[in-house]
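These protein sequence lines map, in sequence, to chains U and H. Residue numbers are given in our numbering: position 183 of the first sequence equals residue 183, and the series is strictly consecutive. Residue numbers are given in our numbering: position 99 of the second sequence equals residue 99, and the series is strictly consecutive.
Read the hints as simulated data drawn from the structure, not as lab findings. Treat the hints with caution; some may be incorrect.
[To be verified] As a list, the in silico BS3-like pairs of lysine-lysine whose alpha-carbon atoms are at most 27 Å apart:
(1) U:Lys188 <-> H:Lys158
(2) U:Lys242 <-> H:Lys320
(3) U:Lys295 <-> U:Lys123
(4) U:Lys123 <-> U:Lys190
(5) H:Lys196 <-> U:Lys188
(6) U:Lys112 <-> U:Lys57
(7) H:Lys192 <-> U:Lys112
(8) H:Lys151 <-> U:Lys190
(9) U:Lys151 <-> H:Lys64
(10) U:Lys166 <-> H:Lys192
(11) U:Lys123 <-> H:Lys196
(12) H:Lys296 <-> U:Lys158
(13) H:Lys165 <-> U:Lys166
(14) U:Lys188 <-> H:Lys188
(15) U:Lys166 <-> H:Lys188
(16) U:Lys166 <-> H:Lys166
(17) H:Lys225 <-> H:Lys242
(18) H:Lys192 <-> U:Lys158
Protein chains: 2
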Amino acid sequence: MKHFITFLLIGFILTTLINCSKEQSKPNSSTIEEIPFAIVIHGGAGTIKKEFISPEKEKEITNKLQEALDAGYAVLKKGGASLDAVQAAINVMENSPLFNAGKGAVFNSAGKNEMDASIMDGKTLNAGAVAGVQNIKNPINVARLVMDSIKHVMLSGKGAELFAKKYGVEFEEDAYFYNERRWNSLIKMKEKNGEKIQIKSTKNLSTNYVDEHKFGTVGAVAMDKNGNIAAATSTGGMTNKKFNRIGDSPIIGAGTYANNTTCGISSTGTGEYFIRTLAAHETSSLIQYKGYSLKKALHEVIFNEIEPLGGDGGMIGLDKNGVVAWDFNTEGMYRGYKRSTGENVVKLYQE
Amino acid sequence: MKHFITFLLIGFILTTLINCSKEQSKPNSSTIEEIPFAIVIHGGAGTIKKEFISPEKEKEITNKLQEALDAGYAVLKKGGASLDAVQAAINVMENSPLFNAGKGAVFNSAGKNEMDASIMDGKTLNAGAVAGVQNIKNPINVARLVMDSIKHVMLSGKGAELFAKKYGVEFEEDAYFYNERRWNSLIKMKEKNGEKIQIKSTKNLSTNYVDEHKFGTVGAVAMDKNGNIAAATSTGGMTNKKFNRIGDSPIIGAGTYANNTTCGISSTGTGEYFIRTLAAHETSSLIQYKGYSLKKALHEVIFNEIEPLGGDGGMIGLDKNGVVAWDFNTEGMYRGYKRSTGENVVKLYQE
């Protein structure tokens, strides 16, 4: 009996030890659940309402957003860097006439396309940006080259184009960027402002369709399998913009911010208010110093900091745990995300 | 007896009321002590060591910093706005060849002066900035005009110059900005980099004196009698800069930030690191969300955020209580402050 009890006791201790060891070597599934790889994108915020968009157009936009998500996700899935993923997603949107970036960039006051872009690496806090560049097919690629190749963070205008040429970046003729609805928007805005129209399109205008979608900036934030966060933003800026205005998109901390210890953010909206509130960096600070969730921080910045000043727009974000969030105070925002957990969401309107 | 008591009672009530009223109308001296009007300025940070600067040059620099402080202080003393005070102080430094801003701006790679400036109003969070402007006598005045006159925050290059012309801003010929030691610095840097020297000065070089002072950006932060904080920064950027590089000086949140609820900040140094850390806004966030003093926040940002990335430079600041502080990780920083409490300090070297 004594032996039996001793055996029982030893058996119990051994079982407990084995179980303990198993428990420790088993991958912590909740941690994996918390840190998936993921990508979140936006294609601009503004007066996006179901009644303004035809079912065909809705499908076209949804498909293009999905294509951008898939391009970024593919990079992440094969173990690629989040920097490459956000660039791949943005390239898809820059190459489409549907968004105000790259091919679809709006026209400035002189009837030219004048684009801004920026990218940031949340691991190293490296960043690159270009402002006011013309005829560059993919401005985000030049921002990436600035980050990777030289000590500067931000280049502008003709100097940035010279840099892009030196690095063999793809340029396109004006005709590539021509977009009838963008051109009509410009003419309409000039008429509304009572401005003399001294510019001429190289193509004939055939419709009166005008783009009422205010801010079509595109952006992406991703986290890769190594937990590195990257954020990027690309835009054509504002229709009829003058004086080589620079908006928030190429400004690190306003339009774009990434920091592995907090989150990655890309903004879209009335850029001046995002500059004055340092919207992207402010979101990160609220997470870092106030312990806010990404969702709460985004809401705070948009509704309690930007909106009281008179600004509108939206932000997308992804925190260090791979949690995705967005918020906006406009009628809608083209947006979507895809995570390694299987979630895949694309949305256009307010809910 | 009844009347006597009534009189006593009325007397007591009246005396109490009079005393109360006196108490209220008496200026609260401790509040004045806590919120004095004040201005703090910098004329750049870098390799500023006593052994490199002749007693005559030291006197010249000290006098010019004092002149800038006095110009700003005079505005504050007569009840003027902090925005006007920082502009007045910066104009003095922009009009001197001693600092890398306005008249003393360094040369870019093409042998031209290419300047940046920004200003921010801590009361409204309004801001204005120009990047990469040439031949403008006082770039800070254009930044102010951007803030006051149009809805944009940031203009750049030729567009910003067009805007300045439209508003009647003073322009100067290239010769006005010519500065022998700046020119020698450019030639020396090009030689060091092994670059072909294809640029020519319009004037003969007579000495080999080269400016080793790395970052001569100028800046000012002030608080006026109404407790409003303003901050401003103006610079010629980096010697031999290429590709229309934009540094931190015209970037709101990096080179300049002002918020009545926290502080005002102006930065100088290797701009890229101030952009990546959002140095000015980060200082404000540490005060707002972590309860740091201005002094502690400045130290944290410079030594624990900028320096680990490889950056150097300095910042000046003034908090909502009128407390002045500065910090830098370089050998020296041209700096000074003047407060309504009677303090007047001008310093060049590390202590």
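Verification of the hints:
no.	hint	in the structure
1	U:Lys188 <-> H:Lys158	25 Å, holds
2	U:Lys242 <-> H:Lys320	36 Å, violated
3	U:Lys295 <-> U:Lys123	22 Å, holds
4	U:Lys123 <-> U:Lys190	44 Å, violated
5	H:Lys196 <-> U:Lys188	49 Å, violated
6	U:Lys112 <-> U:Lys57	26 Å, holds
7	H:Lys192 <-> U:Lys112	39 Å, violated
8	H:Lys151 <-> U:Lys190	17 Å, holds
9	U:Lys151 <-> H:Lys64	33 Å, violated
10	U:Lys166 <-> H:Lys192	22 Å, holds
11	U:Lys123 <-> H:Lys196	37 Å, violated
12	H:Lys296 <-> U:Lys158	41 Å, violated
13	H:Lys165 <-> U:Lys166	33 Å, violated
14	U:Lys188 <-> H:Lys188	53 Å, violated
15	U:Lys166 <-> H:Lys188	24 Å, holds
16	U:Lys166 <-> H:Lys166	35 Å, violated
17	H:Lys225 <-> H:Lys242	43 Å, violated
18	H:Lys192 <-> U:Lys158	26 Å, holds
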